[in-house]
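**Student:** These are the residues of each chain, in order.
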Amino acid sequence: MTTRRTMLIGSSAFAAGAMLGMPAALGQAKPRVVVIGGGAGGATAAKYIAKDSQGAIEVVLVEPKDSFVTCFHSNLYLGGFKTFEEITHKYDKLVSNYGIRHVRQMASAIDRDKKQVVLADGTRIDYARVVISPGIDLKYDSVPGWGKEHEEVMPHAWMAGPQTQLLRKQLDAVKDGGTIVMIAPPNPYRCPPGPYERVSMMAHQLKASGRTKSKIFVLDPKESFSKQGLFQQGWERHYPGMVEWLGPKVHDGIKSVDPKTMTVTTGFETYTGCALVNVIPAQMAGKIARDAGLANQSGFCPVDAENMRSTIDPNIYVLGDASIAGDMPKSAFSANSQAKVAALMVRGELINARTFPARYANTCWSLIAPDDTVKVGGRYEPKPDKITAAETFVSKTDENAEYRKQIQAENVGWYSGIIADMFS
Amino acid sequence: MARGGKAKPMQGFRIHLASMLLALVCAQAASASNTTKGDKAFGEYLSSLCVTCHQITGRATGGIPPIIAWPDDQFIAVMNSYRNKDRENLVMRNIAAPLTDEEIAALAAYFGSLPYQPAP
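Protein sequence lines correspond, in order, to chains A and B. Mapped onto my numbering, the consecutive letters of the first sequence carry residue numbers 1 to 424. Mapped onto my numbering, the consecutive letters of the second sequence carry residue numbers 1001 to 1120.
So here's chain A without its partners, still in its complex pose (with noise of 0.2 Å):
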C-alpha cells in the first residue's frame, strides 16, 4: 500500500517523476494531495494544506497555465480601469515559498477506483485525496444559432483570458449609435451580479468616448438578478437612455441568434446589425468533475456542508463555482472562503492537524460608475442540507457619493488582498 501511495505509473512515469522531482523510492510515507485547477478555490487550497502542513503534505498543483486571468475585474479592464497585467497573476511563489509541485498539465480524468489522477499525457498521479476547483464549462447548446464555432464573432468573456480581450476589442470598435446586446445567462451561474457590472462596464466605457448615442439592451432569462435596484438606479443616474434590462416576459424567450448577420431574434423583437453581441450562456461544473462521476443531475457537484468534501466521494473536495455550495454565490471570495475550510479539514484527515467548524464568507464588490461601487455580502454556515446564509447585507440605494467612492477603494484593497492571499 505504501508503495502504490508514491509511485506514479503510467506510459511516462519516469519522465514524469523527473519532472516532478519526486523521488522513487518506495516507502515514502507522506501523504500527497493533488489539487486540480489554479483559481480562487484550488490556489488557496494547495497554499494553506502546504503552508500549514509545513511539509507533513505534498501538495500537487496540476494547472496547465503559468498565470492566472482573474474574471473578478476583468470588467474593470473592460471599464478601463485596469490593465490585463493587473488582472495577470503568476504561480511562481507558490512552488518557491511553499514547495508546492506545478504540473503544467491538463488532468484528463480522475480514476477513483485507483485514486489517481490522470494526465493529458497519460501519466498516473497516486494521490491520498484530491481537492478540484475547475470552474465551470459552458452549455454551448444552450443559446439557439449559438455555439462554441461562433465564440470569437459573439464572445462570451465568462471565462478571463483571450475572451476578454477580445470582447474589450469589440467594445472599443462600437461606432456612436451601435446597438450591443448582451444576452445574461440562467442560474446557477458564476459571478451573479458580473453580467450587471459588465453592462455598466460597457457603457462608461461608450459615455466616456463621446458615443452616449449607442445602446445596450440586456436580454435577461431570469425575472429579477443580482443588487437589480442598485443597477437600475445606477444606469438611469450615470447612462440614462443607454441601457434597457428586459425580463423574459417582455422580451418573451431568446427564439435564435445569427452570427453572420448579428442579429439575435426574440419573442417580441428582432435586433439586427448589432455591432457587438456578448452570448453568456448557461453554466455547468468543469468537465473534469462531471466525468469523474461528481455532479448530479443539475450539472453541478453536491457537498457536505460541513467541509466541501463530495458526497459522491470521500476522498475528493470540491471548491468554488464547479459546486453546490447552498446559499454561497459563485464567486472568488466564496471560492476562496470554501478553500481554507477544505484545507483545514484535508489536514485533520491527513496529518491529525486539529480542526474547528467551517466558517464561510463572502463579499462581491460591483462598480457601476467611476467611484460608484456597491456591495452584497454574507456570513454562511453548514445546516444538515446546505450552507445555509446567517446575515447578509447589500448596498442601499441612497448611499451618498463619498460613501460609494469609499466601497470602491475597499474593492480596490480586497483585490490586492485576495491575490496576496492566493500567490503569494
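Source of the hints: derived by calculation from the structure; they are not laboratory data. Be careful, since some hints might not be right.
With beta-carbon atoms standing in for the labels, derived distance ranges [as the list claims (entries may be wrong)]:
{"hint": "1", "chain 1": "B", "residue 1": "1040", "chain 2": "A", "residue 2": "92", "range": "37 to 47 Å"}
{"hint": "2", "chain 1": "A", "residue 1": "121", "chain 2": "B", "residue 2": "1066", "range": "41 to 51 Å"}
{"hint": "3", "chain 1": "A", "residue 1": "249", "chain 2": "B", "residue 2": "1066", "range": "46 to 56 Å"}
{"hint": "4", "chain 1": "A", "residue 1": "403", "chain 2": "B", "residue 2": "1116", "range": "38 to 48 Å"}
{"hint": "5", "chain 1": "B", "residue 1": "1085", "chain 2": "A", "residue 2": "233", "range": "23 to 33 Å"}
We treat Cβ as the ideally placed atom computed from N, Cα and C, and that holds for glycine.
With chain A's structure known, arrange chain B on it following the hints.
**Tutor:** Chain B in isolation, oriented as in the chain A frame:
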C-alpha cells in the same frame, strides 16, 4: 383585574431585565478592558476569514487597512465597535457579529504578533 393581575409579574420582569442589562454592561466593560492574552493558534485559524482582504504582510492597498502589530486592547476595541454596530462598515459588522470575546482576543493575539513585511 387582568391589569392588576399582570402588575406584579411585570415588576419582577423589569427588575430581572435591569439586572440582566447591568450584567451585560459589565460583560461589555470586561471585554473592552480584557487583558487576558488570546489563543494565537485559534486566532490563526479564525484569521482565514480576515486575510481574504487584509494582507498578513501589513501591506495595504485602497480602502482595506493593515491590521497587524496592533496592541491587543486596540484590536479588541475596534472589533467590539463593529460587533456592537457602533462603527459603520457592512462587511466588518457582518464578520464581527458572531465572534465571541475569546475569538476576538485570539484574533488580536495572532494579528498582533505578525511583523510588518515591506514590499520587496
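**Student:** Please go over all the hints and tell whether each is borne out by the structure.
**Tutor:** Verification of the supplied hints:
no. : hint                        : verdict
1   : 1040/B to 92/A: 37 to 47 Å  : 30 Å, violated
2   : 121/A to 1066/B: 41 to 51 Å : 45 Å, holds
3   : 249/A to 1066/B: 46 to 56 Å : 49 Å, holds
4   : 403/A to 1116/B: 38 to 48 Å : 29 Å, violated
5   : 1085/B to 233/A: 23 to 33 Å : 25 Å, holds
Consistency note: the structure conflicts with the earlier hints numbered 1, 4.
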